[in-house]
Structure formats: C-alpha cells, structure tokens
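Colleague: Here is how the chains run, residue by residue.
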Amino acid sequence: MIHVLAFYLFATVVIASGAMTIFSRNPVHSVLWLILAFFNAAGLMILLGAEFIAMLLVIVYVGAVAVLFMFVVMMLDIDFAELRAGFVNYLPFGLAIAVILLAEIVLGVGIWSAGPVELAQRAAPATADVSNIQAIGALLYTRYIFLFEAAGLVLLVAMVGAIVLTHRARGGVRGQNIDKQNRRRPQDAVRNVNQPVGQGVEL
Amino acid sequence: MTAFFQNLGMSYGAAWFTSTIAGILLIALPVMLAVAMIIYADRKIWAAMALRKGPNVVGPFGLLQSFADGLKVFLQETIIPSAANRGLFLIAPIITFTVALMAWAVIPFQAKVVLSDINVGLLYILAISSLGVYGVVIAGWASNSKYPFFSAMRASAQMISYEVSIGFVLISVVLWAGSFNLTTIVESQKGYYGFLNGNGFNPLLFPMAVVFLISSMAETARAPFDLTEAESELVAGYQTEYSSMAFALYWLGEYANVILMCALNAILFWGGYLPPLDIDLIPWFDIPGIIWLFGKILVFFFIFSWVKATVPRYRYDQLMRLGWKVFLPLSLGWVVLVSGFLMFTRYGGAA
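As given, the protein sequences belong to chains G and L, one line each in that order. Residues 564 to 766 in my numbering are what the first sequence lists, from first letter to last. Residues 699 to 1049 in my numbering are what the second sequence lists, from first letter to last.
For the record, the hints were derived by calculation from the structure and aren't laboratory data.
DSBU-like mimics (lysine-lysine), calculated; alpha carbons at most 30 Å apart, straight line: (1) 743(G) <-> 1023(L); (2) 1006(L) <-> 751(L); (3) 888(L) <-> 810(L); (4) 1006(L) <-> 743(G); (5) 844(L) <-> 770(L); (6) 1006(L) <-> 742(L).
Note that the structure is a prediction, hence the values are computed from the model and not measured.
Just chain G, with the same shape it has in the complex (with noise of 0.2 Å):
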C-alpha cells in the first residue's frame, strides 16, 4: 500500500518535472526543476531496493553534475527566445530519438525476458543477504572489470580533451610562486631601521 503511494509520488513529481524542465522560461529554473527530478528517480531507486545506485544518483547527478550546470547556466546570458526559434525544424529529430529509445527501451526489456539466449550467462538478481554494494562490485570488479576500465579511460580522455580544448597559455601574467612565499621569512622582507633625524631614508 505504502509503496504504490510511494511510487506514484515519485513517479508523477519526476515526470511533472521533467516536463516542467523543458517548458520553464527561466534556465536557472530548469535546472533546478531537473534537480528535482532526479531527486525523485533516486527515489524510485530506493523503491526497488536499490539503495547504492539512489545514493550515487545523488551524489553524482545532484551533488557535482547539476551544480556545475547551475554554475555554467547562471553565468550564461542566453537569449532563450532565440534558441527556441528552430523548435519547429528539430522537432522531427527529437521525435525520432524519442521513437528509438522507446523502440531500445522496449527491445531490452523484452530480451531480458525472453527464452534461453544464455540464461546461465545473465547475472543472477542479487540474494537478499548481500548487500547492493557488495553485489555491485562482485560483478563490476570481476566479470565488467575490462568494460570499467574501459570506461575509466574514455572519461580520462574525455577530461584531458576538454583541458586541451579549453587551455590557453597567457603571456605577460605573473602567476603566484607558492613555494617562494612560504619560504619567505620575516628578515628577508622587513628591515628593523633606527632612523637619525635629518638624513634620508637609505632604500
């Protein structure tokens, strides 16, 4: 009982939204409204008893992706009314993607469920006594641990593009040397002078 209320309040907050997400005028708007969505599908996750996956969907998606959207979105002065003006010439693509990650969606859940396509290779549904964290990483560490590292580098890759792309040497600036500060000490920079009366200060 609990849980179908659950779920349909999760359920209707994260597509109520998500659509609040595209149709907000205001862009700091949207990205708050798609916080809330993925605050709720961390709920859903914590439904299915899934509470690693709820727990990093936080921390990942809420914690460090959205604030660097907020971030980047704040600092945008963007003409909205502009971006949208090609909404009507994208709106076949975006139908289409839709269509196939409906299509996809359909496809796996279907596959997952159908005959004996190697029913001893899929991966067991973990038992109750194990722990989601542990179940996880049993598999992750051992079967998927040459497609982890894989993914490991692609974001290495991704991450040393992004500095290369975006790095540019400046001339003329004189950065901070923090090693030289801290070794500066007191009787390098201050001079203890008893000054006589009607004679310039030496330099």
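We have chain G; now place chain L onto it with these hints.
Modeller: Below, chain L alone, put in the same frame as chain G:
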C-alpha cells in the same frame, strides 16, 4: 522504540510511524538547542582568545544570549528585495536548514541508538552534504545582487573542490572498516594495540584524520576558509539581502552543519561513542557512549573555534590550490596505500 509503542496497544505500522516521528523530534529539537548553546560557546571561546568577556548580560553568564538573538531576529520584518526571485529567495534558507538537519538521521549516538541504521550510511551523509551547496547558490542567484552572486560562485566551487578529497578520505576509512554503515565503522575502531579505540591512533589513517579535519572546515565554510562571507570583500556574502527569520535559518543551518562535521570527525577517526581507552577502569559503572560522543564533538568544536580565532583567512587561489593540488593527490595516494596495505595483510597478497 517501536516495541515500546507496540506494547501500548498499537499495530506494528502505527507503532513504527509514531516511533520514527518521536525519534526525529528527539534528534532535531536537541540539535537546535545544541546550535543555540554552541553559538554561545563559539562567541565565548572567540572572546577569551581576544581577551574580551564575550556575551555576559542575558541570563547567568550570558547563557541565554542566543535565545535573545533568536527572539530579536524573529520579531524583525522580513524584507524581500523587489528585484529578487521571490519563490527561490524564500526556499533557499529552508533548503540549507532542512539539509543540515537531515544528515543526523544516520549518526549513531550509542551502540544501536540511531534513527536509521542503513547500510549506505556514509554515502547518505556524502549525498546530503553535497546538497548543502544549493541553499547558498540559490540564495546568491535569487537575491539578484552582485555580492551574493559572487559569494554563491565561490561557495559552489569551494564545496565541490573539497568534497572530492573528503570522498577519498571516506573511502580509505571505509576500506579499513569494510562497511559503509556508521555503526559498523565505529565498532571496527575497537582495540588498537589492545587498549586504544579510534582510527586516528592508526598511523596509516592519522594523516587522513588531519586532512578530513581541515576539509571539514572548508566544507562548512568556517574560518580560515570563509571566503563565501568574507566581509572585507563581499559585504556579508550570500546572506547580504536576507533579514529576519530567513537569515536566522542560515545561521542555524550553518552551525548545525558545523556540529555535524565535528560529529563525523569523532565518528570516523576517534571512535565515536566508544571511550578512547579500551580498558574497564571503573568496573561497576560504564560511562554512556553518548557522553563520549558529545565530549568528542565538543573537543572538535573547540578546535574549530580556536582556528577561527587565530588563523587569518585564505586567499581564494590558495584555497583552490590546497584543495586540488595538495589534498586531492594526497588522499588519492592514500587510498592506494591503504588498499595495498589491506590487500597484503587482510586478503593475502597478490590479486
């Protein structure tokens, strides 16, 4: 507690519901009281270090000062700037305050005394503390004013930077304890060298305890890392446009976060509710674990105040350098070190 309510003749569902609500109130109300008293303590410690008297007028020794301040703030008018984004402007302090209280749900106060004993407790705390930044960022943006906006930018960059190294520090503790559950982590710290309780006594984890202490100051934006409200540069930072209760909610939330970070320091590295010495010195009486936990929290709070009173504020580039170029490589290296050590001692050599 559920059993107690069931004995009163309730069904299991009703008893669970009542006991959870009672548990939430039992934690949230004392936390708010503790915030009031800890603000008083902060001001007293700070005053003592500056050879002043501090608050000493309202109530005996000025003990009621925080309540007087709270009442004053409560009676003030709530001013919403006309150019502000009204809804978000009001939601932002509520987010900060709520998030500061939420994390307490998984803090073990004593063996088995915890509101929610979930097996991803530490991840939950990490998730909740990463939400804290939204209160600040939304406030900065919704105020529609320059200084709060600068402050919000600083806050988001600062909190993300230090969360990364905090994450790695937590991972090394989790590797050692073998669990994300906070009670298990506390219990795993029993009996170092046969008589000490606490990961901090472990030479392999002690450097991480120091990194975590400093990072937790940066994460809660306490001095010397309080660049989000650097009054010489940013008026009052993200709270510039706030008044009345909205301002008070920030105040409460900030200090609730500070106490939470002190509690985490105590739980992760110094044995939480366990006594520091694993020896039964008084055979006929056990000091309750909650007293030990509170004592440790107070010690860490004193360190926080001490640092606030003595250390000058960092420059922003120094703050970023410390987070990304010192703490991140250090904690990342330490994860490798700790897991390598465990691999050879606990799990028997080569993989």
